[in-house]
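> Sequence:
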Amino acid sequence: MQLGAPPPPPAAAAAVRRAPTFEARRAANARELLAALLPPSPTVRQVQQAHARLAVLGLAASRAMPHLLAVLPRLLPDKPRHRGDDGGGDGDHYAYPLALFRRANSTSAFASNNLLRVLPHPLPLALFSRFRRRNPHSFTFLLASISNHLNAAGHSASACSFLGSHVHALAVKAGAAGDLYVRNALVHFYGVSGDVGAMRRVFDELRRVRDVLTWNEVLAGYVRAGMMAVAREVFDEMPVRDEISWSTLVGGYVKEEELEVALGVFRNMVEQGKRPNQASVVTALSAAARLGLLEQGKFVHNVVQTSGMPVCMNVGAALVDMYAKCGCVAVAREVFDGMRRRDVFAWNAMICGLAAHGLGRDAVELFERFISEGLPPTNVTFVGVLNGCSRSGLVAEGRRYFKLMVEKYRIEPEMEHYGCMVDLLGRAGLVPDAIELIEGMHIAPDPVLWGTILSSCKTHGLVDLGVSVGNRLIELDPTHSGYYVLLSGIYAKANKWDEVREVRKLMSSRGTSKSAGWSLMEAHGKVHKFLVGDTYHKDSVQIYDTLDMINKRLTEAGYVPDVSSVLHDIGDEEKVHAVKVHSERLAIAYGFIVLEAGSPIRIVKNLRVCGDCHEFIAGNADELTGVKQVQRRIREAGCEVLRVDHAGGMEEGHAKHGRADWG
Numbered sequence: 001m002q003l004g005a006p007p008p009p010p011a012a013a014a015a016v017r018r019a020p021t022f023e024a025r026r027a028a029n030a031r032e033l034l035a036a037l038l039p040p041s042p043t044v045r046q047v048q049q050a051h052a053r054l055a056v057l058g059l060a061a062s063r064a065m066p067h068l069l070a071v072l073p074r075l076l077p078d079k080p081r082h083r084g085d086d087g088g089g090d091g092d093h094y095a096y097p098l099a100l101f102r103r104a105n106s107t108s109a110f111a112s113n114n115l116l117r118v119l120p121h122p123l124p125l126a127l128f129s130r131f132r133r134r135n136p137h138s139f140t141f142l143l144a145s146i147s148n149h150l151n152a153a154g155h156s157a158s159a160c161s162f163l164g165s166h167v168h169a170l171a172v173k174a175g176a177a178g179d180l181y182v183r184n185a186l187v188h189f190y191g192v193s194g195d196v197g198a199m200r201r202v203f204d205e206l207r208r209v210r211d212v213l214t215w216n217e218v219l220a221g222y223v224r225a226g227m228m229a230v231a232r233e234v235f236d237e238m239p240v241r242d243e244i245s246w247s248t249l250v251g252g253y254v255k256e257e258e259l260e261v262a263l264g265v266f267r268n269m270v271e272q273g274k275r276p277n278q279a280s281v282v283t284a285l286s287a288a289a290r291l292g293l294l295e296q297g298k299f300v301h302n303v304v305q306t307s308g309m310p311v312c313m314n315v316g317a318a319l320v321d322m323y324a325k326c327g328c329v330a331v332a333r334e335v336f337d338g339m340r341r342r343d344v345f346a347w348n349a350m351i352c353g354l355a356a357h358g359l360g361r362d363a364v365e366l367f368e369r370f371i372s373e374g375l376p377p378t379n380v381t382f383v384g385v386l387n388g389c390s391r392s393g394l395v396a397e398g399r400r401y402f403k404l405m406v407e408k409y410r411i412e413p414e415m416e417h418y419g420c421m422v423d424l425l426g427r428a429g430l431v432p433d434a435i436e437l438i439e440g441m442h443i444a445p446d447p448v449l450w451g452t453i454l455s456s457c458k459t460h461g462l463v464d465l466g467v468s469v470g471n472r473l474i475e476l477d478p479t480h481s482g483y484y485v486l487l488s489g490i491y492a493k494a495n496k497w498d499e500v501r502e503v504r505k506l507m508s509s510r511g512t513s514k515s516a517g518w519s520l521m522e523a524h525g526k527v528h529k530f531l532v533g534d535t536y537h538k539d540s541v542q543i544y545d546t547l548d549m550i551n552k553r554l555t556e557a558g559y560v561p562d563v564s565s566v567l568h569d570i571g572d573e574e575k576v577h578a579v580k581v582h583s584e585r586l587a588i589a590y591g592f593i594v595l596e597a598g599s600p601i602r603i604v605k606n607l608r609v610c611g612d613c614h615e616f617i618a619g620n621a622d623e624l625t626g627v628k629q630v631q632r633r634i635r636e637a638g639c640e641v642l643r644v645d646h647a648g649g650m651e652e653g654h655a656k657h658g659r660a661d662w663g
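In terms of our numbering, the sequence shown opens at residue 1 and continues consecutively.
FYI, nobody ran anything at the bench for these hints, they're computed from the structure.
Remember, it's a predicted structure, so these values are computed and weren't measured experimentally.
Treat each hint with caution, since some may be false.
[Unchecked claim] Derived pair list, reagent style DSSO-like, types lysine-lysine, alpha-carbon separation capped at 27 Å: (1) 580 to 298; (2) 526 to 255; (3) 493 to 580; (4) 580 to 255; (5) 255 to 274.
[Claimed, not checked] Computed spacing ranges between beta-carbons, pair by pair: (6) 45 to 273: 38 to 44 Å; (7) 267 to 414: 35 to 41 Å; (8) 375 to 535: 50 to 56 Å; (9) 242 to 173: 30 to 36 Å; (10) 73 to 314: 29 to 35 Å.
Where a beta carbon is used, it is the ideal one built from N, C-alpha and C, also for glycine.
All chains, full assembly: derive it from the sequences and hints.
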């Protein structure tokens, strides 16, 4: 077969436009021509253009229609449908595949099965009974249609569970239930519908009619149901595992917040010589980012590089997000700038990463570049740029972007956007403006917004307003320990210790306890966790000896502990001891023991660093044997990342006004 376009017209006839012509050898059929004319994953429009070319060549006979159906992509129910002659769905959106089927004049299962594959639920179910010929694949495509609808609609499509069971009964009646593809479709359907009992029964019925896809579907069903213990048992029993098996297990552990386990599974997969797919790489990078474990993230990145995996937009965005959340914003920017193509997720990750590190002006500059390239910002994009304005005190810019989001891009402000604006105004001391913004919201304000006001009151010494807001918050959410803590802090700052004790008594009477502060530190591929005053670590004695040495050197250099964060009416000596054993200090001391000089000590915290610990690290860098704070930022979910280097020289540190707590 030879396909070719005519030579370009001479210059004199350039204005005359002719449709391209094609020459095909006589033996060429529709299937061969479609393979030559279409890309691997064509759109409906491209299929229609190929259809027109077949018509020009005189090859658009009825026997070509099933082949056109076969190359059509699955259509989505994204347009309204109207009642028609073929099962109630012959709207404009589905007219073309239905017309192809009518013109085919074919009773073959090939044509009808491809129609079932193309059309979305409920059309295949309505058409199924009209088909004169069926084979096992007919049930496979019908079940796939129902499963896809369940996947997209979730619990709102629970009625489809009955329809799937009905199709199961029809398959049994037709003798098709023993077919491998039908069984896989049934296992997938019951897994998506959440009926793990029925899923397991289908799986166990015919043990010889299984392949790796069957096992993967059962594994995915248990993961969807959150039954990771059973999913792990299934995974361990699998006779053969492919990359989908591994990525499903990794994704399941991330879904259930077992992030360290997920990273362990990913590492085990690589050590067994299995090549990870993009899904497992993106999921593992997400786990490393959420834990703030840079070494784990670097390991995943190294796997991408050594395996020759192309850095597609998904992987690139995940790498940017991981490096930014692990404190390496410069590396994140390097990855971002090196991406050939970027989608909105990559831009959002970089803008949010810059903002989280206090680089508000850089975030604003990147946002302006994003807009200038004609890309449409999302609600997350505006969260990033507004957060950047908040971190850098860019009040005028923040107000302008908030207005731009609403008026130009028609994005309704969500709680996160209001939170950024309240934080921006509160940091700048414009607390009345922040309260006015909250009171004018079109949605009910979240207590967290008032918590931000309370924090601003503490920062700016607004005792009376802080007490009023604090008492209101405690009534709104009596189980949130942070509000009691902030209110106590306001009283303590004003030396009202009787009121501090009353707040503590109220907190105790309501059964509310303060979240325990912890710090994570990564060393030599292992994660170490420290609590305040922790003595459970195997190297606890050496850790405290090192911490005493550090404290002694700082005291000799003139360091005086700031005990204002200790909200107890106790002696100054006891307060000093309390701040000296905070979890981040223990982690730093351990870092001095196990890490080589020049290596950064990265610490992930679940609570805000107290003022004294901040001064302990940042304010006394020269005395701390060259230790310096390079980066400090709050991660998502209230976690904090500290990075400490034992190296010479100084870099700028970035501070974030985060969640307050004791210890």
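> Take the hints in turn and mark each one as holding or not.
The hints, checked one at a time:
no. : hint                   : in the structure
1   : 580 to 298             : 32 Å, violated
2   : 526 to 255             : 22 Å, holds
3   : 493 to 580             : 20 Å, holds
4   : 580 to 255             : 37 Å, violated
5   : 255 to 274             : 22 Å, holds
6   : 45 to 273: 38 to 44 Å  : 43 Å, holds
7   : 267 to 414: 35 to 41 Å : 37 Å, holds
8   : 375 to 535: 50 to 56 Å : 53 Å, holds
9   : 242 to 173: 30 to 36 Å : 33 Å, holds
10  : 73 to 314: 29 to 35 Å  : 20 Å, violated
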